[in-house]
Amino acid sequence: MILKLDSIIFTQAFFGETFKEVLVKRPFAANLRRILQLIIVAHIFVFISGSSMGKGFGPEIFCRTYPQSPSCRGTWLACSYCHQYVPPVLNSFGSAIKTEYYKRDLAFTNDDETFKQVMESIGSLDSDGDGFSNSEEITNGTQPGFKAHIPTYNRCKSSKPAANSQYSLCQYDPDYAFKKIWNSVCGEPPLWEDFLTFKNLPVSDKPQALKDQLEKCLDYEYWLGKDGVVWKIGHYKIRPVGSVKEGEDKGLVDLVDYYDDYHIFVYSQIDGHDARDVLRANYAVSRKVTNGATVYTRLEPDRLKDGIVMQPEYRAGLLTSFWTLGFYLNYTAVARVLVAQAFNGFLGISLANMQGLGTIPREQSLYKDYDNKGVEKTACAECHETIDPMTYPFRNYNGLDGSTMILAGKNSPGLKDIKKLGDETNLTPLSYSLPRMEYLSSKYPAINQMPEEGWVLGQKVSNLKEWAEVVANSDQFASQTVKDYWKVLMGHEPLPQEQTEFERLWRNFKTIHQYSIEAMLAEMITTEAFGVP
Amino acid sequence: MYPDDSRTKHFMRNNPENRGGKIIIFFILIFFIFSCELKKSEDQKPKEGALKSQDFGESLVNQVTRRRDAQMRNSLAKILVLNEKGMCLELGKYPCIDFIYKVELGGMDAYNASQYQYPTAINAGTAGALERVVLSACIMRANMDLTNPARGIIFKNLKLSSDLRLIEDPSINESITTLYRRAFTRDPTPSEIADLRSMYEELYKEEPIAAGLNWMVLSCFAVLTSLEMAFY
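Line by line, the protein sequences are chains A and B.
As numbered in the numbering used here, residues 1 to 533 make up the first sequence, in order.
As numbered in the numbering used here, residues 1 to 232 make up the second sequence, in order.
If you're looking for bench data, these hints aren't it; they were derived computationally from the structure.
Heads up, a few of these hints could be off.
[Said to hold, decoys possible] Per label pair, the in silico range of CB-to-CB distance:
| id | chain 1 | residue 1 | chain 2 | residue 2 | range |
| --- | --- | --- | --- | --- | --- |
| 1 | B | N148 | A | Q208 | 34 to 42 Å |
| 2 | A | T511 | B | L227 | 37 to 45 Å |
| 3 | B | L227 | A | A162 | 18 to 26 Å |
| 4 | A | K211 | B | L60 | 20 to 28 Å |
| 5 | A | V253 | B | E90 | 22 to 30 Å |
| 6 | B | E58 | A | L125 | 35 to 43 Å |
| 7 | A | E193 | B | N148 | 17 to 25 Å |
[Stated by the list, open to error] One-sided excerpt, in silico: chain A residues whose CB lies under 7 Å from chain B:
| id | residue |
| --- | --- |
| 8 | I150 |
| 9 | T152 |
| 10 | R155 |
| 11 | C156 |
| 12 | C170 |
| 13 | P174 |
| 14 | N183 |
| 15 | G187 |
| 16 | E188 |
| 17 | P189 |
| 18 | W192 |
| 19 | H235 |
| 20 | R239 |
| 21 | P240 |
| 22 | G491 |
[Unchecked claim] Listed below are the simulated DSBU-like cross-link pairs for lysine-lysine, each with C-alpha atoms no more than 30 Å apart in a straight line:
| id | chain 1 | residue 1 | chain 2 | residue 2 |
| --- | --- | --- | --- | --- |
| 23 | A | K211 | B | K78 |
| 24 | A | K237 | A | K250 |
| 25 | B | K78 | A | K487 |
| 26 | B | K78 | B | K159 |
| 27 | A | K443 | A | K420 |
| 28 | B | K159 | A | K232 |
| 29 | A | K483 | A | K510 |
| 30 | A | K288 | B | K85 |
| 31 | A | K510 | A | K232 |
| 32 | A | K232 | B | K78 |
| 33 | B | K85 | A | K237 |
The C-beta atom is built at its ideal place from N, Cα and C for all residues, glycine as well.
My request is simple: use the sequences and hints to build the entire structure.
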């Protein structure tokens, strides 16, 4: 079947004839060598074609077919859903899909109707042999190709509320929630006396008392201080490197102070601030410890005073920070690493593992190999058709280009007027810099044609500020942000039986709570997932 | 029940002749730890006085959260009223939780090891690290309470003989209750009290001298290295 689909096409393209033509036209003995050549080439192509089954549109077509599956809501379907962790090797579920396509003499294409038929055919199968059908696993948000990942159920649903010496079971227990707030948010157990005071409150007063306790704990150093809970959530978004740290806790190379990034991050997560500011802030934040309490203060945007080199009108939170541009853009022409890191940190989407690849109309995206990296090759374009247009809005954001010359006291080739160092008309490192493309064009002749408009999450954007808005307003951002705190308070990622509460929470975070982490946490402590022992 | 044996009048802290006392404690600890492990595998049936299933909340939800490095540090410091930085130092210098056993105790080392997420699994060194930290903290607390029983935090007004054996007194049960209340914000069950009391008898059989002090350290150690402390 594979030969019919792939190798015939390939041998035709390669040799200008098919097996059939070779066999019919020439005597077998005379063409033995030719036939062997064809068989070898066909087998090589079989291997390659198997490798190319990791289709970027796979998650999209799946989620169009199953929009209600928890695997598709507020997140991007993981590659491991069909693959053995990452493409190209398929897992048992992916193999079942592939087999169904081959049974129909079809290749896997972005066609909803065929995909739906294929999925209906394999829905009743149990591809991974874990005792649950593929349909059950899809409905529950577990992975149908991964044996250890099975649907879990709320066992309380088949049990009556009960109690033992410590807790009320299978029902919200405020006393249990009180202890859990203390341990999770204050970082220590309550005193016996404090617990008794709470325990003896009238039941009707306990919900408010829990909220009051949460508010107190949110001011603990354990929560908001340096290296506190919120700070640590920022680790995978900022990815610090201790050896290149400047200022406080200086490293071997005192280059950049990424604590500035932590300050903006923590500030956006506390005191009812808008969590989206992590991607939108045009301001810096200072940190000061007074009488053992850490205070974060927002500074007015002023590049001469606030320590951020980027012009305030072009700032987009951590996307344009000193650390991000210096470390992730660095001397590269196209911001692929920076975008991949931003997707990983703020949306929980791993572009490196082929997540988040949607179909962007190529003619509209102006997709092209501007930096001569070969991204237009078929195998590369599979991902880069989506990834590269996401990087175009970073076109004029300079990393470290020109810094060597400036640090050496020489004029950078892009500098037109040294007196205007820092102006967008000059090639200033870590700034919005119009001559950047011109400077890079000596290395990459086509780079000047790269547009500033681009695409992100399927939407067209004209610059980075719009890019940041789209990302910050996305379901994926809200879901990922709430998940960060869910993991802290619950100790695990949302389970299948917790998906309803989890989704309600991140949707409310976007609407009712207006992106306030603290308001969202006040709701989180009322969930069954938090308060039912 | 715990007679004052006048033949032995050795105080652990003050008498230089009893330098061997610390060595004895060490061997008792080793024996205690290994005997626990052996007994577990030898006999799974709960013995009399052991914890019984109805003492605990048998949750159908069955979800617990790991008490990670900073939580463990803050919790131990609060439960035992100790300085969080000084309660365990390796080589008398390096903080056990914040520096030496950070990752073993569930923390992440972002700056030096590029570890940007909490470890999801418990590693091979976790149990040893937890025991190291708790033992250090418990020795400190027991010695402080021994020095000034009237102002004791856990073992308040505990009656000890001159050679540090326990003397039967309500303060024993009160100490156990205080320990559970401070650690888990609950009262101990009768079987938990019986368990800790029976531990003293075992310690006494092994080495009567300073059995009281050993009991103080080890009852604290047993409770604060339990699953209920490691998770919440």
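Restraint status (C-alpha distance of K288 of chain A to K85 of chain B at most 30 Å): 21 Å, holds
Range hint 22 to 30 Å (beta carbons of V253 of chain A and E90 of chain B) holds or violated: Because 29 Å falls inside the window, the suggested range holds.
Range hint 35 to 43 Å (beta carbons of E58 of chain B and L125 of chain A) holds or violated: Because 36 Å falls inside the window, the suggested range holds.
Pair hint outcome, K159 of chain B versus K232 of chain A [Cα-Cα no greater than 30 Å]: 46 Å, violated
Hinted pair K78 of chain B and K159 of chain B, Cα distance within 30 Å: 25 Å, holds
30 Å limit on alpha-carbon distance, applied to hinted pair K232 of chain A and K78 of chain B: It holds: about 22 Å lies between the C-alpha atoms, which stays within 30 Å.
When the least beta-carbon distance from I150 of chain A to chain B is tested against 7 Å, hint result: With a closest approach of 15 Å, the I150 of chain A hint is violated.
Closest C-beta approach of P174 of chain A to chain B relative to 7 Å, hint status: Hint violated; P174 of chain A Cβ to chain B Cβ min 14 Å, cut 7 Å.
Interface hint status, R239 of chain A versus chain B (Cβ within 7 Å): Holds. Min distance 6 Å.
When the least beta-carbon distance from W192 of chain A to chain B is tested against 7 Å, hint result: Cβ of W192 of chain A sits 4 Å from chain B, so the hint holds.
Per-residue hint verdict: G187 of chain A, partner chain B, C-beta under 7 Å: With Cβ-Cβ at 5 Å, under 7 Å, it holds.
Evaluation of the interface hint that places T152 of chain A against chain B, nearest CB under 7 Å: Status violated, d = 10 Å.
Hint check: violations occur at hints 8, 9, 13, 28; the rest are consistent with the structure.
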